[in-house]
Amino acid sequence: MIQKKSPEEARKSFDLIFHDLTRSLRVKDELSRFWLFILIMFCIVGVWAWGYQIKEGLGITGMRDYVSWGMYISNFVFFVAVSLIGLLISSIMHLLKIHWAQPISRVAEQVAIAAVGLAGLIIVMDMGRPDRFLNVFLHGRFASPIIWDVTVITTYLFISLLLFYLPLIPDLALMRDRLKGKIPEIQYKIYKILAIGYRGNAQQFKIIYHSLRTLMLLIIPVGLAIHTVTSWLFAATLRPGWDTTIFGPYFVAGAFVAGTAAVIQVMYVYRVRYKLKNYFNDEVFDRMGKTLVFVCLVYLYFNINEFLVPGYKMKTAEGIHLTELFIGKSAPIFWFTQIGGLVLPILLLLVRYFRKPFPLTVIALVTLVASWFKRYIIVVPTLEHPFLPIQNVPEHFAHYSPTNPEITITLFAFFAALLIVTALAKLFPVITIWEYAEHHGVDKKIMFNEYEN
Amino acid sequence: MNKTNSRRNFLRMAGLTVTSSGIAASTAFLSSCNRIEAVDGEKIKLLTSSGELVEVDRTSLTPAEIPSLTENQKRGRSGLPGRKWVMVIDLARCRNARKCMEACQAHHQLRPEQHHMNVLQMKDAENTAPYYMPKPCMHCDNPPCTKVCPVNATFKREDGIVLIDNERCIGCRFCIAACPYSARVFNWLEPRDSDKYVGVTYNIEANVPQKKGTISKCLFSADRLRDGKLPSCVSACPNSVYWFGDQNEDAVTNGTTGETVSFSNLIRDNAGYTLLEELGTKPRVYYLPPKGRAFPYQGDVHTS
Chain B
201 MIQKKSPEEA RKSFDLIFHD LTRSLRVKDE LSRFWLFILI MFCIVGVWAW GYQIKEGLGI
261 TGMRDYVSWG MYISNFVFFV AVSLIGLLIS SIMHLLKIHW AQPISRVAEQ VAIAAVGLAG
321 LIIVMDMGRP DRFLNVFLHG RFASPIIWDV TVITTYLFIS LLLFYLPLIP DLALMRDRLK
381 GKIPEIQYKI YKILAIGYRG NAQQFKIIYH SLRTLMLLII PVGLAIHTVT SWLFAATLRP
441 GWDTTIFGPY FVAGAFVAGT AAVIQVMYVY RVRYKLKNYF NDEVFDRMGK TLVFVCLVYL
501 YFNINEFLVP GYKMKTAEGI HLTELFIGKS APIFWFTQIG GLVLPILLLL VRYFRKPFPL
561 TVIALVTLVA SWFKRYIIVV PTLEHPFLPI QNVPEHFAHY SPTNPEITIT LFAFFAALLI
621 VTALAKLFPV ITIWEYAEHH GVDKKIMFNE YEN
Chain V
27 MNKTNSRRNF LRMAGLTVTS SGIAASTAFL SSCNRIEAVD GEKIKLLTSS GELVEVDRTS
87 LTPAEIPSLT ENQKRGRSGL PGRKWVMVID LARCRNARKC MEACQAHHQL RPEQHHMNVL
147 QMKDAENTAP YYMPKPCMHC DNPPCTKVCP VNATFKREDG IVLIDNERCI GCRFCIAACP
207 YSARVFNWLE PRDSDKYVGV TYNIEANVPQ KKGTISKCLF SADRLRDGKL PSCVSACPNS
267 VYWFGDQNED AVTNGTTGET VSFSNLIRDN AGYTLLEELG TKPRVYYLPP KGRAFPYQGD
327 VHTS
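Protein sequence lines correspond, in order, to chains B and V. Numbering-wise (our numbering), the first sequence opens with residue 201 and increments by one. Numbering-wise (our numbering), the second sequence opens with residue 27 and increments by one.
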């Protein structure tokens with residue numbers, strides 16, 4: 201795979217790689233501006249809706265005393281799930297030396313940072329008293345799974361930021377040295393500061409390499425913990441549908457499905473927008489398609505366990521819940537998540553044609569949407585069936601239906617996440633330049649030669 | 027006059043010291059809100075603890091002893107020493123009069139759809155007669171709700187009561203998800219009559235004033251227990267449904283008749299049970315089965 205090139209060849213090929221991979225920083229056309237405008241506008245509307253919610257109270261949502269967790273918590277679980285892809289691609293696949301995954305590790309980290317950052321924000325938006333957020337630290341009670349969640353999510357965010365930043369340092373140094381005068385002064389300054397004096401010598405590289413290895417190992421337990429603990433927010437209760445022991449691995453498996461599908465979307469956009477056909481090539485998409493099949497199969501296995509075993513027994517309370525899912529009011533969403541989110545990708549992606557970039561992206565989009573509804577189907581129906589009857593309250597207490605401000609705030613999370621991903625793509629190369637070049641026969645000495653002699 | 031002045035000065039000095047100490051600043055502010063300002067001969071409107079609006083002549087007013095917020099929260103957390111409160115609900119006697127619900131909502135500043143005490147229509151099986159079941163908080167000895175609270179805003183006291191500190195609650199609603207009895211309510215909107223309670227010091231044992239964005243639930247009227255009274259619902263019942271007392275004394279008193287009997291005998295002789303016993307929550311509220319459902323049952327039964 202790595203063939204040695206002559207210095208001349210290597211230099212030429214590196215110039216091309218550098219040019220291609222910094223294209224995302226230079227693209228400033230109407231479409232980019234329009235996209236940014238849309239994102240920012242929706243974010244402002246979302247923040248305004250949140251302000252309205254703070255003023256009026258959570259009563260402006262569709263949630264009430266029985267269904268007291270709704271779209272926000274579903275969205276929170278979804279974003280935590282998506283963020284787990286950072287762990288799979290940029291840590292596990294790296295440590296296992298799976299080379300085809302190398303060009304997408306930065307995409308995975310972008311998605312992870314945006315998702316986990318938004319997950320943290322969504323949970324504050326769901327609070328009745330966001331002004332008392334600091335109580336979590338002042339009066340934190342370590343027996344509560346929420347405190348575990350706050351702890352691991354914060355840790356995961358910081359490790360993800362470092363896993364994004366450390367491999368970026370040599371790239372920043374390259375941009376600092378090669379792009380002077382070609383980019384706005386302020387952008388150049390940012391690169392210069394962030395490159396923290398990296399010169400490409402062996403010792404500096406060794407520090408980065410070892411720190412990265414440590415972080416890649418460290419993020420494995422933390423990553424598994426964030427989604428396991430998130431699942432315990434439900435599994436720690438006595439309610440039918442949540443009161444199960446497989447929620448931890450069930451959620452982790454589902455997270456890889458959502459994350460893989462999300463990364464495929466971003467990859468496809470970069471491939472088309474930044475003309476990176478040779479980088480996010482058909483092979484990478486093909487492999488990602490196979491990865492999606494694999495994680496879907498694992499998730500399907502957990503779904504069979506989760507629904508078939510209690511469905512076989514139909515214990516009283518569990519039976520009411522499952523009947524509701526299988527043939528009741530929630531059945532359309534339930535079967536959409538099972539078929540659109542699991543059966544469909546597994547069957548279609550076994551065919552080589554569907555693993556080509558465009559068909560794969562469409563299938564993965566369906567899977568991603570199904571993944572969101574999957575969280576909704578985990579959170580809401582269980583709350584609609586408490587142990588004791590719902591009485592002496594208005595009719596709408598018994599059935600959850602989200603309101604417009606609630607949907608606006610939920611959409612805000614998506615636009616804000618896309619805004620973070622867009623900003624990262626506009627500021628930094630979407631593929632690790634030095635690593636990619638090295639894999640294609642360019643020696644690090646050649647990349648940094650101008651400064652070593 | 028002189029005496030008043032010196033007291034005033036003393037209070038002012040004390041106030042200054044407290045304020046400068048910083049920690050209790052908010053307390054001083056809140057207790058100052060309780061002082062009643064009025065012109066001579068004027069009648070003053072007051073809101074009683076049972077939620078009634080009354081008029082009182084200014085001259086007949088004496089300053090009430092209201093503990094400061096921090097003191098209130100502190101004693102509210104420890105509970106009444108040596109007590110283990112317990113409630114017995116006799117389902118055979120409930121006729122759905124709903125006086126308990128009304129008294130409760132008035133006492134705890136609840137909106138019509140908020141229930142600390144909720145009388146449910148129950149029907150256990152296809153071939154059994156329906157019955158009414160008043161449902162307060164079970165004040166479990168193994169409470170699922172306090173376990174999950176991230177900020178210790180809901181807690182189990184020494185005397186068995188599960189209480190809420192709505193000055194600390196962050197409104198995450200994890201306790202609602204955790205409670206299998208649906209005993210908890212949330213202030214989704216501005217609480218009932220919130221404008222009437224402006225400046226009233228928070229009484230943790232009644233959870234009044236209620237606050238938007240925080241949790242509320244049945245507290246066994248802990249403020250009334252401190253004053254040696256029975257809980258609002260127990261006192262309000264016209265049909266002798268409720269027995270309330272101290273398990274350490276093994277005695278429960280009927281809220282309607284005032285009769286006091288042995289708690290363990292009552293439970294044993296009438297086959298008393300607790301709700302959803304299999305969940306292991308160990309409730310402090312016991313039910314006596316709805317035997318001899320002689321009264322005509324009115325209304326439709328909803329057992330969804």
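The reader is advised that the hints may include incorrect statements.
So the derived list for chain V, only partly shown, Cβ under 10 angstroms to chain B, looks like this [unchecked claim]:
1. L95
2. T96
3. R218
4. V226
5. T240
6. I241
It should be emphasised that the hints constitute simulated quantities derived from the structure, not laboratory data. Ideal Cβ placement from N, Cα and C applies to all residues, glycine included.
Here is how each hint holds up against the structure:
no. : hint : verdict
1   : L95  : 15 angstroms, violated
2   : T96  : 14 angstroms, violated
3   : R218 : 13 angstroms, violated
4   : V226 : 19 angstroms, violated
5   : T240 : 6 angstroms, holds
6   : I241 : 8 angstroms, holds
The structure does not agree with the numbered hints 1, 2, 3, 4 stated previously, though it agrees with the rest.
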